[in-house]
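Top line first, the protein sequences correspond to chains G and A. Going by full-length UniProt numbering, the first sequence opens with residue 1, and the numbers climb by one from there. Going by full-length UniProt numbering, the second sequence opens with residue 1, and the numbers climb by one from there.
It is possible that part of the hints are untrue.
[As the list claims (entries may be wrong)] Subject to a maximum C-alpha distance of 25 Å in a straight line, what follows is the list of computed SDA-like cross-link-like pairs (lysine to any residue):
| hint | chain 1 | residue 1 | chain 2 | residue 2 |
| --- | --- | --- | --- | --- |
| 1 | G | K37 | A | L207 |
| 2 | G | K37 | A | H135 |
| 3 | A | K37 | G | D88 |
| 4 | G | K24 | A | A87 |
| 5 | A | K24 | G | N22 |
| 6 | G | K24 | A | H135 |
| 7 | G | K37 | A | T147 |
| 8 | G | K37 | A | R90 |
| 9 | G | K37 | A | T138 |
| 10 | A | K37 | A | Q79 |
| 11 | A | K24 | G | P212 |
| 12 | A | K24 | A | R192 |
| 13 | G | K24 | A | D88 |
By construction, these hints were calculated from the structure, which means they are not laboratory data. Keep in mind it's a predicted model, so treat the numbers as computed, not measured.
Now for the letters of each chain:
Number of protein chains: 2
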Amino acid sequence: MSLTLHNFFRSSASVRVRAALNLKGLAYDQRSYMLRKGEHRSPAFLALNPQGLVPALELADGTVLAQSLAIIEYLDETQPDPPLLPADARDRAHARSLAYAVACDVHPVNNLRVLQRLETEFGAGEEAVAGWFRHWATESFGPLETTLATDPRTGAFCLGDRPGLADLCLFAQAINNRRFGVPIAPYPTIARIVESCLALPAFRDALPDAQPDAA
Amino acid sequence: MSLTLHNFFRSSASVRVRAALNLKGLAYDQRSYMLRKGEHRSPAFLALNPQGLVPALELADGTVLAQSLAIIEYLDETQPDPPLLPADARDRAHARSLAYAVACDVHPVNNLRVLQRLETEFGAGEEAVAGWFRHWATESFGPLETTLATDPRTGAFCLGDRPGLADLCLFAQAINNRRFGVPIAPYPTIARIVESCLALPAFRDALPDAQPDAA
Numbered sequence: 001m002s003l004t005l006h007n008f009f010r011s012s013a014s015v016r017v018r019a020a021l022n023l024k025g026l027a028y029d030q031r032s033y034m035l036r037k038g039e040h041r042s043p044a045f046l047a048l049n050p051q052g053l054v055p056a057l058e059l060a061d062g063t064v065l066a067q068s069l070a071i072i073e074y075l076d077e078t079q080p081d082p083p084l085l086p087a088d089a090r091d092r093a094h095a096r097s098l099a100y101a102v103a104c105d106v107h108p109v110n111n112l113r114v115l116q117r118l119e120t121e122f123g124a125g126e127e128a129v130a131g132w133f134r135h136w137a138t139e140s141f142g143p144l145e146t147t148l149a150t151d152p153r154t155g156a157f158c159l160g161d162r163p164g165l166a167d168l169c170l171f172a173q174a175i176n177n178r179r180f181g182v183p184i185a186p187y188p189t190i191a192r193i194v195e196s197c198l199a200l201p202a203f204r205d206a207l208p209d210a211q212p213d214a215a
Numbered sequence: 001m002s003l004t005l006h007n008f009f010r011s012s013a014s015v016r017v018r019a020a021l022n023l024k025g026l027a028y029d030q031r032s033y034m035l036r037k038g039e040h041r042s043p044a045f046l047a048l049n050p051q052g053l054v055p056a057l058e059l060a061d062g063t064v065l066a067q068s069l070a071i072i073e074y075l076d077e078t079q080p081d082p083p084l085l086p087a088d089a090r091d092r093a094h095a096r097s098l099a100y101a102v103a104c105d106v107h108p109v110n111n112l113r114v115l116q117r118l119e120t121e122f123g124a125g126e127e128a129v130a131g132w133f134r135h136w137a138t139e140s141f142g143p144l145e146t147t148l149a150t151d152p153r154t155g156a157f158c159l160g161d162r163p164g165l166a167d168l169c170l171f172a173q174a175i176n177n178r179r180f181g182v183p184i185a186p187y188p189t190i191a192r193i194v195e196s197c198l199a200l201p202a203f204r205d206a207l208p209d210a211q212p213d214a215a
């Protein structure tokens with residue numbers, strides 16, 4: 001199948017989907033949208049994805065899927081091998097809860113558009129914006145580290161020795177954290193999992209700097 | 001099975017899970033955590049759910065599932081009837097993308113802890129906080145209305161004539177929006193879907209004011 005990923009090199013949600021496509025061994029074309037220039041708000045892109053957010057995955061017949069986590073679940077349902085979620089329902093809930101702890105609790109609050117809004121509404125300067133980012137990253141990475149360090153299901157990756165949905169989200173956030181100076185040393189289990197990810201081409205090839213639109 | 005829902009009457013994510021349990025016909029006990037008093041940060045609750053967030057669902061054997069969307073997917077996988085997601089993979093992606101447009105793009109940014117942080121970090125007053133809430137609610141409800149008004153799969157509910165994951169998220173957010181004076185009239189399709197939800201006891205019984213801990 002011919003796939004086109006509408007994305008932006010630095011977008012954390014785009015990193016997740018690129019790594020998922022790579023793990024599934026699916027080839028895809030890329031279209032880039034410069035978020036600071038508002039290219040994701042152009043009429044052409046809104047016609048594709050009314051939500052006006054990247055990433056969006058365009059399938060061969062022109063169907064467009066929005067939202068990174070919905071795309072990843074779709075890929076896992078339609079291309080089950082290798083699986084991105086475990087088989088057992090409780091393990092799946094565990095994997096999803098780790099993923100959402102990043103995708104719902106950290107990333108949305110630290111999104112570019114939110115950080116920009118802090119500047120325009122509250123006059124937040126660069127340091128205050130970075131402090132905001134670090135606060136929410138730290139707020140969630142502490143509990144995530146506790147959970148991962150104590151749960152017997154944790155292996156080289158979040159669940160056992162195979163990368164999946166939770167790793168995709170954790171990895172993308174950890175990479176994003178670097179930009180804002182959030183140290184990973186206080187989270188040794190997370191650091192180890194990120195290293196496991198970085199050992200795989202699927203994750204390395206999804207990194208922002210590896211993309212054609214990286215400045 | 002004996003289920004205990006750790007939740008708070010006004011929490012939007014708690015509304016979603018209560019309505020999901022009701023739609024599945026599952027009985028559950030409730031424990032309430034007053035968020036403004038920080039009861040979800042108590043050592044007793046953190047021992048149950050290290051993420052320190054409500055809702056969390058405690059199963060009969062003491063297993064605790066965190067994150068509302070992970071809980072709802074778990075319920076749907078273990079108690080498939082009635083289904084909360086459609087059968088077709090693309091329709092499932094559509095349902096999840098609508099759900100995440102609320103659960104990832106609106107709710108986290110308008111969470112109590114985020115609103116409180118605007119006060120403490122940037123001295124935001126009541127009106128500025130309400131303005132922040134309305135901005136993000138409006139930012140996502142516009143595109144959601146466009147999608148729902150134009151997608152042929154939209155019926156009495158987000159996908160056809162059966163309530164599901166997307167409706168749970170949309171309903172909970174619409175109820176939350178009322179508190180901050182976000183009018184629903186500009187979103188006639190969403191308004192109609194919320195009315196479809198309110199016609200069902202499963203949703204009415206999940207409303208904040210119907211809970212034992214409603215002040």
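Original post:
Hint by hint, which ones does the structure fall short of?
Top reply: Numbers 1, 3, 5, 6, 8, 10, 11 - these are the hints that the structure violates, sorted from lowest upward.
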